[in-house]
Amino acid sequence: MKILYNWLKEFVSIELTPEELAEKLVALGFSVDSIETAGADFEGVRVAEILKIDRHPNADRLSLCDITDGEQRLTVVCGAKNIAVGQKVPFAKAGARLPGGILQKAKIRGVESQGMICAAGELGLKGCQSDGIMVLLPDTVTGSDVSSLFPEKDRVLEVDVMPNRPDCLSHMGMARELAASLGLPLMKPGTARLSCEEACMPVSIREPELCPRYCGMVVRNVAAAMSPAWLAWRLEAMGSRPRNLLVDVTNYVLYELGQPLHAFDTDLLRGQEITVRRALPGERLLTLEEKTLELRPDWLVIADRERPVALAGVMGGLETAVSGKTRNIFLESACFNPVSIRKTSVESGIKTESSHRFERGTDPEAASYACLRAAELITRACSGAAASKLSDTRTAHPERPSMEISAESINSILGTSLPDEKILSCLKTIDPSLGAKDPNCNFTPPSWRRDISTVWDAAEEVARILGYDVIPAAEAPVPMGGSGEPASVMLCEKLRSRLVSSGFCEIYTYDFVSARELASAAFETKRAVRLANPLSCDWEYLRPSLLPGLLRALSHNANRGVNTACLFELATVYDMVGKEPRERLFCAGIMYGTFPAAVFWKKERVSSVDFFHLKAAVSRLLRGFSRVETARPERAPALFHPGLCLEVSRDDSLLGCYGRLHPSAAQAWELKNPDAWIFEFCLDPLSRHAGLDFFSSAPRVSPVSNFPSSWRDISVVLESATPWEKVLAQTLAAAGPSLANTNPVDLYEGKGIPEGFKSLSVRLTFSLPDRTLTDTEVDKSVGRILETLSSSLGAKLRT
Amino acid sequence: MTPEQWLRQIACVKNDFLNSAPRSASLEELDSIKVQCLGRKGALTELLKLLKDFTIEERRELGPAGNSLKEELTSLIDKKHAELSRLSIDAELCGVRLDLTLPASPLPEGRLHPLTLTMQRMTQVLSGLGFIRAEGPLIETEYHNFEALNIPADHPSRDMHDTFYLKAGDSGGKPLLLRTHTSPVQIRRMEKTSPPLRIMAPGRVFRHEAVDAGHSAVFHQLEGFYVNRLVSMADLKGTLLNFMRGLFGPEAAVRFRPSYFPFVEPGAEVDLRCVFCRGCPASRQTPSPCRGSASKCPVCKGTGWLEMLGAGIIHPNVLKTVGYDPGLWSGFAFGVGVERVAMLLYGISDIRTFYENDLRVLEQF
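Taken in sequence, the protein lines are chains A and B. Residue numbers for the first sequence follow this note's numbering, beginning at 1 and rising by one. Residue numbers for the second sequence follow this note's numbering, beginning at 800 and rising by one.
Facing chain A, from chain B, some residues (calculated, C-beta under 7 Å):
1) 909
2) 912
3) 932
4) 1056
The hints are simulated quantities; they were obtained by calculation from the structure and are not laboratory data. Yeah, the Cβ is synthetic: ideal placement off N, Cα and C, and Gly gets one too.
Could you build all of it, start to finish, from the sequences and the hints given here?
Encoded structure:
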């Protein structure tokens, strides 16, 4: 909310500069976003008339203007294009004070300028700005002070008022807050003395719950004239466009006292009575914004005898609004239920200064005063205007909570040891009736402080008034100790460090994906979690997979000249299980380009990332997790190459897949090099199972042999389709405990080997922990292995 | 030859050797000195051969002198030989020419994301202060995200949380949303655990707002809270002071300002003294990270303080909601933006940097 410095000072005589005031407000819990200047912030600027214009002898774009300021004729250099002889312009003589500083005499391109013809911006006049110099009205008196044409300078503070402090949404409220904390008196403006005995029109409240108080007043013989300049300028500085006296006064009182008001044209009301009720089915209201609202039956309306004339506390109706023809008005100053106003405002989509205050809660006790204050302002400005008696209908007197406060309880919340008197004197600024000597006294906050209802609230008040610096910093608490990190956290840390050591860079991407991206990844949209209110159509769904985000990041980098990258992300993915959304922790990665990155000057041969690089990364990732199995999937997921993909599972739950990126996906994400390798695993099956606490996941070390090992190479011819996995399994089964290591050393197909067969050479390493093996023992083992490979896989020893 | 003459000659041999051997510049020269002195016909060898012509008594005296000289000279030769051969190898190796200023070959080297690094540091510092890590779901109910945190429906404080809602509801048909802060973890934890407890919960949160340099629809928070007997604002200040010192160094200072969050009372906005200009009025204008000399510190905008986090004493309504007796237990809670901390730590000015994943940025970590 905007606070005008001079306006505030009408109610509390603070001796703070605007900057000091801002610091005080921050200390009280109100952030100040900016301090700006409104009105005329200059001195010594006079109205001048342009008498003659010549070209500047040394510059095409400049002119020499002869002007008179009513006293003397002067020559001025001017760069503006919109000058003309006869214009009245603001003229600052050397020595004048402008918002930018004191104006000095200057020689411009060899000609001395005796002052400056000003643009609106140079005078700091916001809202009057246009190109070139400021041209004043022709009837302005030459020689008069320009600042007298504009409102007095004021400073505008943009203050953040939190939702719990609606009482500070006005100048009076803010002044009251400052007065309390600075110990200054609050000065309230006087209100109309009602000489007229005319009764107001009858008001009936049908919904006592929703409207605890309704005040009204009829003011006759008014005119919707222009507001006095001081009032209009203040509204303008508040950012509210002045319209006419009657509307402006309601707005002025809103900013002054925080009480929203509304003025009805009484002659347009059907039947001279006001009813506060819920809308009836089928009723409509044409609002001030010329929008027709279909009223919902739970919305509260203000109605005349026949129809709703305002959406209570939110916006008035156009049909009964004040216009140029208005002669008599009915002023409304009411108090409404905050929840009801909030609902109506949200459902109707209408937010106004009124609804903003009502939904936060207004002071029911302030309603009558505000009504009188508005009537006072109107009758003062309109001669002949007469106000009726105030009609005041109350359905409830909201209870003011009262609480037993002890200094001890306040000190224990704040962690302070403030003396009783200090605490009491703070609370007395809020509740002056508080007994000074009684340590356990009844604290009753005033009607506008509905945010204070417990001792915790009172503790905050004490700290606020004394300044939060009164709170000491206690010694750091002694650790309570605990049972360690959740399994998922430990798992994530472990996987992150493994991937980083394999050369992967971690990325963070947004959780949102588009329908198009889902389609590119062949995810069914009906299985994806959809947002009810997405920010844009690109962000309509929650990601069911991390791969689209990785591909987006890869493509971003590839477009910036990166041709080798390994990326991974560890984050939550979402999908629908039946009708309910589900969250799962996933880890996915992508390898792209060469591995490791190529160094051109070494002229080394570098290899592109291939399946076995990916396999190395995946094996490292999953190392140590028991019961992890790999198989060819029946159907590879859509983003994967169907021929180059393996599926990983643990205890029958699928973890995910790894393999080559499908070429059509590479195309969809515009990768120039389609050779990308990806993996994606669900981590829940890994963290769900036991074995992640430190002790049980610590590896149990097997002893190593101190005796020399022996090795043999064997070459066998097998059917091409026989997988290594099977060869290994048979070898291990046949060898017995002395076989320590089995490694393929050569793989060959072609000349010398029959079509459909391959030659495989394997190095077998034998070793025992307690002695050296003899050649005979090793040869025997090799013989057994060959026999088994031949009988189970049809392998023939290559000769 | 008399023993005296023999001894004189021995001394001569030693003298000659010590004058030449240590000065030899090459292995060849050293070898020839060795032959001249210790070879089959070398000077010392010849003298030792003469020993047999002396009497037993004389031999007993002269023998050890000769032999010890032989040992001494042999070891000198060996030492000098090792020295010279090392020099000759090095001379050869120095001929190897490789431009050592060329760029390093890349070892596969991954990086953790700056947000991960920041969260790791934050949780590391807090676990030193006794906080235990907890987690919660990202898809939340209105109850856990709002109502249980003293943010009732139709309350204006909901305006402080622009919320993403899901099309789908929960099993009871109630609306589901993406959590707008990490505070629901407080509720979920306290529902399950009886006090005392001290919890930290870093994680992802969502706000329905357009993305720009200062705002992100997706970001991270870290929630910390502590419930015990007589927990006060002073305990909160002490914890946060230590927390900030763990992140920004022992000079870090904090300031509390009144503020409003519905789930705490009293509530505070916590400022960190500007870590760049150090908050002192004179240097609020120094050019530490600020370009140009007389301009205000661009990070704190000359205020000397940086808004860091929101905190306060857990509202009694929140404690009641989870079944804690606010008469017996009290607690504090705080929530800090991870991106905010990371931006200060690493000098990043645009929050989108974290989600763009440009390797030229990520590789700087």
